[in-house]
Amino acid sequence: MADIRLENLHKEFDDGEVVAVRDLSITFREGTTTCLLGPSGCGKTTLMRIIAGLDTPTSGRVYFGDQDVTEMKTRDRNLGMVFQYPVVYRAATVRENIALPLRGEDLSQQEKDDRVEELVSLIGLEDSADLDVGRLNSATRQMVAVARAVSRQAPIILFDEPITNVDPDLKLQVKRTLRGLFSRLNQTIIYVTHDQTEAMTLADEIALMNDGRIDQMAPPRELYNESASRFSGWFLGNPGMDFVPVADNREVALAIAGGPLSDNVVTLGFRPEHVKLSSADATTGVPATVRHSAITTGGQVLVNLRSGDLAVKAKLPRGSAMNVRAGTEVRWSVDPDQVRMFGSDDSVVSAAPIET
Amino acid sequence: MSLVEFSSISKSFGPDVVLDTLDFAVDEGEFAVLFGLSGSGKSLLLRMLVGLESPDDGVVSLRDADAVDIKPGDRKIGYVPQSFALFPDKTVGQNIAYPLTVVRESKEIIDEAVERVSGLLDIPELVDRTPDQLSGGQKQRVAIARGLVVSTDLYVLDDPLVGLDFKLREKLIDDLREAREALDATFLYATSDATEALALATKVAMLAEGRVQEYGPPGDLYARPERLATMATLCFPQSNRLPATLKGDEISTPWGTAAAAMNGSSATADGFVAMVRPEHIELLPETGRSAIEGSAIVMLREDLGAEEIVYLESNGYQFTSLVRADSADLEALTLGESINFGISAEAIVLFAEGRRIGQGR
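Protein sequences appear in the order of chains B and A. Position 159 (the first sequence) corresponds to 159 in our numbering; numbering is contiguous. Position 144 (the second sequence) corresponds to 1144 in our numbering; numbering is contiguous.
Isolated chain B, as found in the complex (with noise of 0.2 Å):
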């Protein structure tokens, strides 16, 4: 078992004209399942890939535990790896294929066999294990792929955006098990994806990167809740945070954070589900006029404002008896324990905490 710890990394292209990781240092922790979330082009890919040996970096070291694996070539590396499309052998059966990356380990053939029974039933094929690979759904060949990785228990195992191109009825199938096999299993994990919901439901942490760093690094409700950033608040969620820039929002700034602003404050956020709603003569609360609303996820109800030239939303809950149609006057507000600071390089400088 053991830790992976990047120093310094850094990874351009194209004579430095695209630089994908830029002078990156963070551990990820032994045992744990680390989901790297981020958009398209965030680096994600590229990290992962250097971590595996499929990318050399242009400065900086990866060490696994004590041991720095450089320069060391990927099959020497010891890791299991899982891509978009499923490394399986169609011809052969589940548990031939799960059998076979055990071939050259030091195992007897009782602990070979027991270990691929063990991984048939923790991936739930006990019914097809005698198929051929090749007439499994793209969910179950997945699974298989999954399970090929583990067998060999090496230390680290890589998750390259591994339920993307399962077929969506299925995808749920895999997010289940994938659950359930982190939380047996002890090794280090680093799962990339670009789906939020994906990271927040199998994640140990996640590492949300943008543009070739880590923006912030936190288990997936702290990472939610705690925004360190105003990229971090925007990418989570849907939608993301509603942003208040305070120098062309002073009176709205000052009534939603409830006091004084510091002067490095230059913009408020908060979330679209902590913005409540009262009719235009209640006496406090920012006044504003629906834009449109709209039914959204379980019936909630999402409403666009707008507040002179300050767009916000909120999502109420449903079943609100409120009247949010377009072009009826309301007055909305936020509980100030709700709303992140957040500076001129946009990351957060009062730590206000959310409660969920």
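Don't read these hints as lab results, they were simulated from the structure. Wrong hints could be hidden among the right ones.
As the list claims (entries may be wrong) - A short, non-exhaustive set of chain A residues, derived as facing chain B with CB atoms under 8 Å:
1. ASP1165
2. PHE1166
3. ARG1177
4. PRO1218
5. GLY1219
6. TYR1222
7. PRO1278
8. GLU1282
9. LEU1284
10. LEU1300
11. LEU1304
12. GLY1305
Stated by the list, open to error - No more than 20 Å apart at the CA atoms, straight line, and that leaves these computed lysine to aspartate or glutamate pairs for EDC-like:
13. LYS313/B <-> ASP337/B
14. LYS1171/A <-> ASP309/B
15. LYS1167/A <-> ASP337/B
16. LYS313/B <-> GLU1181/A
17. LYS313/B <-> ASP1326/A
18. LYS1139/A <-> ASP1174/A
19. LYS313/B <-> GLU1178/A
20. LYS1167/A <-> GLU161/B
21. LYS313/B <-> ASP1174/A
22. LYS171/B <-> ASP1193/A
23. LYS1171/A <-> ASP195/B
24. LYS313/B <-> GLU1170/A
25. LYS276/B <-> ASP1326/A
The C-beta atom is built at its ideal place from N, Cα and C for all residues, glycine as well.
Starting from the structure of chain B, add chain A where the hints point.
Quick look at chain A alone, frame taken from chain B:
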């Protein structure tokens, strides 16, 4: 009169009946969304309107004229097809301008139109680039701009946001709604994404089994679906089918019974289905509060950020509950362990042969 009217449209491909005597009319000024699962015939219907397909039977009317008599090039429709290709050797600006250059509009009109739509879609800084310098999302914006560049009263958009990552969709949904308002035109838009349909539409048409099952404001269809397809699919997460039977006016489930209020006396129980929305499967309700109560194993918790979808299994049946993330109910949840759930009678909606016949009370 309606701007667009489909009357008794049928279309088959070999033995597959895709559209079956379909009627559907769109009035001026609507953001009309055709919603249906993939393969339901949305694209086909839109392609008939722009002149790329013709019906086996029925009439497509456009601005009160039979579309058969209008050449596809003369239909004055801005069209964003489902699969688009940009000209790799033309700039973004030239790509956007293409529908105007083929009809030989003047340079003045073209420049003005390109500037207007590139502003509308937030891509004015891209007009001098070529497509190979664009991200997937930027290309999609260019394709949408190319559809909107034509100055007309009707735009047809065939699933333009499919495949985009969802932060981009979030932005484009607002942009498209505002684009329609700014153009003061009619949009006819196809999607298989329920959240997108609910967010964009002034009216949604539920397309299933070859016909428009119902057509109305999204809030109305959500609050009172008259068809099973609408209740089941025009929502996120999708509604749950309860294992239930109907005897007289009693709904019976493995977890208890509820009284039913039927729409009419002649209601039939053939093809009976009882549905309940995920937000109405309540976790940990006080016992004795709901008509239907039971315990279920927590199979998976999917964290959406503001909400959680909780996947449950009880008596061999699987269903989902949708809970706000700030709900105290989530604290007692553990994967693989059991939890109490409750469903109030009023949340159960009853259908037979695809039509609403009543609900619990």
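For each hint, the structure was consulted:
{"no.": "1", "hint": "ASP1165", "result": "6 Å, holds"}
{"no.": "2", "hint": "PHE1166", "result": "7 Å, holds"}
{"no.": "3", "hint": "ARG1177", "result": "7 Å, holds"}
{"no.": "4", "hint": "PRO1218", "result": "6 Å, holds"}
{"no.": "5", "hint": "GLY1219", "result": "6 Å, holds"}
{"no.": "6", "hint": "TYR1222", "result": "5 Å, holds"}
{"no.": "7", "hint": "PRO1278", "result": "6 Å, holds"}
{"no.": "8", "hint": "GLU1282", "result": "12 Å, violated"}
{"no.": "9", "hint": "LEU1284", "result": "17 Å, violated"}
{"no.": "10", "hint": "LEU1300", "result": "5 Å, holds"}
{"no.": "11", "hint": "LEU1304", "result": "6 Å, holds"}
{"no.": "12", "hint": "GLY1305", "result": "4 Å, holds"}
{"no.": "13", "hint": "LYS313/B <-> ASP337/B", "result": "18 Å, holds"}
{"no.": "14", "hint": "LYS1171/A <-> ASP309/B", "result": "17 Å, holds"}
{"no.": "15", "hint": "LYS1167/A <-> ASP337/B", "result": "26 Å, violated"}
{"no.": "16", "hint": "LYS313/B <-> GLU1181/A", "result": "19 Å, holds"}
{"no.": "17", "hint": "LYS313/B <-> ASP1326/A", "result": "18 Å, holds"}
{"no.": "18", "hint": "LYS1139/A <-> ASP1174/A", "result": "18 Å, holds"}
{"no.": "19", "hint": "LYS313/B <-> GLU1178/A", "result": "15 Å, holds"}
{"no.": "20", "hint": "LYS1167/A <-> GLU161/B", "result": "18 Å, holds"}
{"no.": "21", "hint": "LYS313/B <-> ASP1174/A", "result": "11 Å, holds"}
{"no.": "22", "hint": "LYS171/B <-> ASP1193/A", "result": "16 Å, holds"}
{"no.": "23", "hint": "LYS1171/A <-> ASP195/B", "result": "16 Å, holds"}
{"no.": "24", "hint": "LYS313/B <-> GLU1170/A", "result": "12 Å, holds"}
{"no.": "25", "hint": "LYS276/B <-> ASP1326/A", "result": "14 Å, holds"}
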